[in-house]
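Protein chains: 2
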Amino acid sequence: MSFARLDELNRRIHALDHAISILGADEATHMAPGGGEDRAVSLATLSGMRHRMATDPQVADWIEAAAGEALGEEQALALGEFRRVHLNMTCLPAEFVERQTHARLRCAQLWRDMRARNDWTGFAPALEGVVALVREEAALRAEALGLAPYDALMDLYDPGARAADVAPLLDDLRDFLAGFVPQALDAQRRRLAARPAAALAGSYPVDRQRDLGLSMMAALGFDLTHGSLSVSHHPFCGGVPSDVRITTRYRTDEFLSALMGTLHETGHALYEQNLPRQWAHWPLGQARGMAIHESQSLFVEKQIGRNPAFWRWALPVVERHLGESLTLDDILPHVHHVGRGLIRVDADEVTYPLHIVLRFELERELVAGTLEVADLPEAWDAKMRAYLGLSTIDNPADGPMQDVHWPSAAFGYFPSYTLGAMIAAQLWAAIQRDHPDIDDDLAAGRLDRLNDWRRARIWSLGSRLSTPDLIRHATGGPLDAAHLKRHLERRYGG
Amino acid sequence: MSFARLDELNRRIHALDHAISILGADEATHMAPGGGEDRAVSLATLSGMRHRMATDPQVADWIEAAAGEALGEEQALALGEFRRVHLNMTCLPAEFVERQTHARLRCAQLWRDMRARNDWTGFAPALEGVVALVREEAALRAEALGLAPYDALMDLYDPGARAADVAPLLDDLRDFLAGFVPQALDAQRRRLAARPAAALAGSYPVDRQRDLGLSMMAALGFDLTHGSLSVSHHPFCGGVPSDVRITTRYRTDEFLSALMGTLHETGHALYEQNLPRQWAHWPLGQARGMAIHESQSLFVEKQIGRNPAFWRWALPVVERHLGESLTLDDILPHVHHVGRGLIRVDADEVTYPLHIVLRFELERELVAGTLEVADLPEAWDAKMRAYLGLSTIDNPADGPMQDVHWPSAAFGYFPSYTLGAMIAAQLWAAIQRDHPDIDDDLAAGRLDRLNDWRRARIWSLGSRLSTPDLIRHATGGPLDAAHLKRHLERRYGG
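Protein chains in written order, with this note's numbering: chain A, 1 to 494; chain B, 1 to 494.
If you are wondering where the hints come from, they were derived from the structure by calculation, not from laboratory data.
Don't take each hint at face value.
Here are a few chain B residues that sit away from chain A, every Cβ distance over 12 Å (derived from the structure) [claimed, not checked]:
#, residue
1, E27
2, G35
3, R472
In silico contact screen, one side only, chain B against chain A (beta carbon under 7 Å); selected entries [as the list claims (entries may be wrong)]:
#, residue
4, A32
5, S47
6, H51
7, S203
8, L229
9, H487
10, E489
Just so you have them, the derived chain B footprint on chain A, three or more residues with Cβ under 8 Å [as the list claims (entries may be wrong)]:
#, stretch
11, 78 to 88
12, 339 to 352
13, 381 to 390
14, 437 to 447
Here a beta-carbon is modelled for each residue, glycine too, at the ideal position from N, C-alpha and C.
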């Protein structure tokens, strides 16, 4: 009876989530430019309704009572997720949520403006306010969940992730990359000296690039009857599992950025499209978390999309759509380009983890109170010089003002990116163990074995397992940085 | 206090309506083909939430109590609409609504199938069930509103419309058209004998037609920062006032059908875009009803878009976009083509009202119980022969199975189409009285005087006045068929 009430409640929440997701994707793709104000009001109101519904005092009683009911295995699992989600939604007092929402929206708005002006002094007080509230949030969540403060934040994004497990992995990777980045750059220098990279600068009409993207998506297993490809300012994967909206953006002077963006979002989309439909309206039926989600996008973009075997199959497809005949030697220097840079979102797969390690280390200290916002520019610069040999001391816009995450109060999220890269490499290693000839599949454009493997071990499980348990279940062992290190060595070590 | 509660309730309803409208427009334009099932579940759930919210027992108390509060003029008007909408939503018992929703959805589904097979016998029992429930509905609404049964149905679509006022207007028009249709056909025959119509059969790429449509929309006053043009199977105007979604469909062998569809929907869109923003979340701020809405689309499509003066301005625009040089003598025979046909939606403005009169007369009898569904094919055929000289006795698919309205239980809606045509003609006559040189504006592509006039007298009023009062307010007199008759005589009389 109580479980049935929770089920019914979640159907209503699911209908609101459907609307909120589609309205969100629509806003970035098809909404008229002047429609934003009304859309914001509508979305805020729907989100408020959703929140009130999900945190109604009765819900806690239903969860308590349902635990005493005779439940099937799936229902018991569903109840566990109802409880987890409910606890995470209700452990902050309403007055705190209001204060934090206000501070966060204001800081994110200010960030847009101040970043454009490179004005750290104008921005820092707002970020200080957000950090103070994040410390408060972490304490409140820690108390409710029985976790350490930073863990309580990470748990929001990756249930089961703990700094005690994550930090050694990231330390290991950081220490490896200290030596490996120079090695990879050196190898690249030697390759380019032997054979300079071919220029890919042609003129690539948007509609042809779009057709190329669609045909790659279809080949990778994207179900075009349950999703679509549009254009937006920032690529994303949104919508709902039965109608996944992915986007990319095009330049006409090169095609790789749009294509790689499309492959990345296709990876997210495959996860969404293959989640267990029968649980769709329960949290149990949803994607496990940010690290697993990112592992799926990186799996398609990096493990498949930058694999030379894949390009054996892809080059004729590119030629068919864009009319340009390229060899592996032409394309791989572009697909495997490595370089030191200030900007995380522009980084290649070799240097990207260093951007994440930097943020992880700094945000743990910010949350713990051992680092203050006022000291952030120096701390950022010191790590940037140590890890990538670059300084941001005169350029905070490309330093601690670079990302929207902190102004939006999203602390504990950054590790997901590199955990995702590690998981993707570990999944690839596990697949290679099961199917030693998997490269032949890529070279033939056959994705069924790869997708069947991932469907059985990741996609179809929804939120059945915690993030660490899901990794163990899928790959046979705990998360281990060794796979990503080996992957980078093979591809970039020379 | 109670008014404030109603205001707050309507903000929440408005947020749901925003979502429902955008999701509806999205479904017909951008949704992935396989997304329909989830979308239907989500829309049904959101509509159910909306209904429960709007019919919560407290709402009646708030409306009662608000009447005793000190309200400003606008609040008092808003309260009147709250009461009207609430009465219309609550006067049917929940168990009746459920029975009717079920019967209606089933009948509309069956209709799609049976119409395609021209199977009246398979369809009739379902329609009988719907008609029985419509009679029940009309009685319940009549009781609650103190109106005659058919009037209670019409009042849903056009508040204030009464059969005693509408029937004489439609009778008058029917009797006029009995003589005028042959006259118009004869005049057309003579014109075409003197100068055969030029063939417009070229090849018109969709993107050029789309650009032509957009440039016409902009010229007519459509605000492209608050709306957009897409493609759908059936043209429509949807979305929300700050983001109006209109659609059309294209053929590449001619351009007039897509363009005329675009003009029609632009007429609806101008009304929506110019509704009073400050009342947007109240029923008071919404469009008055179906007849007025249709008057705005027909005003743009027929009074403007088929006016020879308009084509003086439009022909060079067409040439600029489509590269085809046409004269007025080339285009007008197509724009003013008249013909007898079985299908309402394909009818020209001369014969269209006869299709409506037929339906109005039959549905009044169906609701009154003086005609049974079993006798509908004969009754339809008799009127079709009398009014248009065509028989449908062997072709019920193009007879009483032609429209989705009756299977969907929408009785009392049909008159709106022809009331809209009458209102549009009466508005045009009133504008001509105020601005005798208004044709010069059209010939110059200047729409500001026309739009300012309509904004002041129709658009900005929202639902302040009943349909008859709004017509009187805008034109200085009650609705009168004379204006439409005169319009048809001038344009088609020869």
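ask   = For the stretch 437 to 447 of chain A, does the count of residues with a C-beta closer than 8 Å to a C-beta of chain B reach 3?
value = n = 0 at 8 Å, threshold three: violated.
Interface hint for H51(B), Cβ within 7 Å of any Cβ on chain A = 13 Å, violated
message = Checking hints one by one. Is S47(B) an interface residue toward chain A, by the C-beta closer than 7 Å rule?
response = Status violated, d = 9 Å.
task = Confirm or reject the coverage of the stretch 381 to 390 of chain A by chain B under the rule of 3 or more residues with a beta carbon closer than 8 Å to the chain's beta carbons.
result = violated (count 0)
query = Per the coverage rule (Cβ-Cβ under 8 Å, at least three residues), is the stretch 78 to 88 of chain A covered by chain B?
reply = Result for this restraint: violated, n = 0.
key: chain B covers the stretch 339 to 352 of chain A, three or more CB atoms within 8 Å, holds or violated   = violated (count 0)
request  = Beyond 12 Å from every chain A Cβ: check whether that's true for R472(B).
outcome  = 32 Å, holds
ask   = Given S203(B) was flagged as interface, is its beta-carbon under 7 Å from a beta-carbon of chain A?
value = Violated. Min distance 19 Å.
query = Taking the least C-beta to C-beta distance, is E489(B) closer than 7 Å to chain A?
reply = 41 Å, violated
query = Can L229(B) be said to touch chain A, with a Cβ gap under 7 Å?
reply = With Cβ-Cβ at 10 Å, over 7 Å, it is violated.
ask   = For G35(B), is the shortest beta carbon distance to chain A beyond 12 Å?
value = 3 Å, violated
ask   = Is the interface hint for A32(B) satisfied, with its Cβ closer than 7 Å to some Cβ of chain A?
value = Given a least distance of 4 Å, the restraint on A32(B) holds.
Hints 1, 2, 5, 6, 7, 8, 9, 10, 11, 12, 13, 14 from the earlier list are contradicted by this structure; the remaining hints agree with it.
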